[in-house]
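Letter by letter, the sequence shown follows residues 1 to 361 in UniProt numbering.
Treat the hints as calculated values from the structure; they're not laboratory data.
Quantities reported herein were computed from a predicted structural model and do not represent experimental measurements.
Please note that the accuracy of each hint is not assured.
What the hints assert, rightly or not - Below are the DMTMM-like pairs computed for lysine to aspartate or glutamate, each with C-alpha atoms no more than 25 Å apart in a straight line:
#1 Lys-302 with Asp-344
#2 Lys-302 with Asp-260
#3 Lys-284 with Asp-241
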Amino acid sequence: MGSEGPSRRPFCLHCDKPARTCLCSRFQSPPLDNLIGVTILQHSLEKKHPLNSTRVAKLGLRNLDVVPVTDVNFHAQLFVRPLERGLDCREEPEAEESSDFSAAPMSDLGQEVAYHDNNVNCGCSAAHSSNLHNPSKIPDAHPPLTFHKQNSFSSLSGSERLDFDRHGDYSIDADDVVTITSAQCTVTCSGSDIKMIVERSAKPKIDWILETPIGRAAISNGFVVKKMQRKELQPTKEFQDFIEFEILVPPGTALLFPSDKAISTKAVEFEVKHLVVLDGTWAKAKRIYHENPWLQLLPHLKLDLGEDSLYGEVRHQPKAGCLSTIESIVCALKELGGDMEGLDNLLDVFGSMIGDQRERS
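My request is simple: use the sequences and hints to build the entire structure.
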């Protein structure tokens with residue numbers, strides 16, 4: 001009679017840490033009601049990392065959601081549809097026939113895609129929030145937007161016309177539908193939505209969309225973005241498409257990412273109501289950014305690098321001053337006017353998690 005193998009050590013179901021190093025009791029208060037909402041796009045390989053700091057953010061901030069993101073290994077399709085102007089994110093839409101865009105997405109197993117339970121501020125009111133991922137909570141954005149003729153694509157003045165030569169081949173049809181094809185990416189803008197087809201390792205530049213009526217509407221009104229991925233099934237080698245996420249991006253959303261066009265959080269002259277943060281190694285974060293070009297539609301913010309990360313020697317950082325995800329979120333909230341009592345405790349919890357790792361080393 002063979003002996004049984006060693007039993008798996010117990011883990012906490014809330015913080016995903018071993019029971020002996022559970023983080024839950026280290027928080028001094030219930031989750032904080034942060035006025036500036038946070039959405040974390042987390043690379044799929046980062047979730048299980050023992051030192052990933054997003055677990056601290058999930059436990060410590062109520063107005064936060066985590067969206068899993070994977071690399072584009074074949075190609076992805078992204079659909080961006082602006083919300084109607086003046087739409088109140090607090091109101092649930094009336095039931096109506098589903099469409100290809102707004103229907104509840106199904107996973108490749110035939111089940112509804114798993115959505116997170118955390119409530120997320122839609123930028124309308126701190127007292128009312130809705131789930132970013134639950135399609136039943138996403139306001140209907142399917143009807144085409146109406147633009148005045150003087151704002152149409154064909155009537156832009158010479159100073160407003162786009163420099164298409166910088167972006168690739170383009171075509172404009174009679175209905176002002178614009179398609180631009182460049183290396184590894186095709187973008188189509190119509191009067192109602194934006195469609196992007198992105199190939200593996202693409203690095204498109206789509207800032208030109210901000211000069212179009214549909215791009216301006218997306219930033220002004222907020223938008224819904226839906227991403228479909230393609231994967232290869234084993235062992236058949238057949239391809240299958242699946243919905244990776246569907247997110248409501250409220251007006252006043254900014255991206256915390258140190259791109260060339262990012263401005264300091266200390267120099268922001270507009271009200272930031274929501275933050276999108278990328279979670280992964282520096283290489284993975286950059287890939288998330290490039291393979292999700294809708295992020296380029298958002299204002300970009302960066303932190304002024306100062307103190308070194310609490311990671312220290314425990315986890316390598318690309319350069320001095322780079323911070324973990326939770327450190328970046330806390331610093332950004334403080335500098336953008338979302339400071340509140342209890343934020344420093346989140347850093348204390350993160351620091352204690354790093355201390356646990358040092359003791360094991």
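Against the structure, the hints come out as follows:
1. This hinted pair checks out: Lys-302 and Asp-344 have alpha carbons roughly 20 Å apart, not beyond 25 Å.
2. Of the supplied pair hints, the one linking Lys-302 and Asp-260 holds, its CA atoms being roughly 10 Å apart against a limit of 25 Å.
3. With a C-alpha separation of about 22 Å, the suggested pair Lys-284 and Asp-241 falls inside the 25 Å cut-off, and the hint holds.
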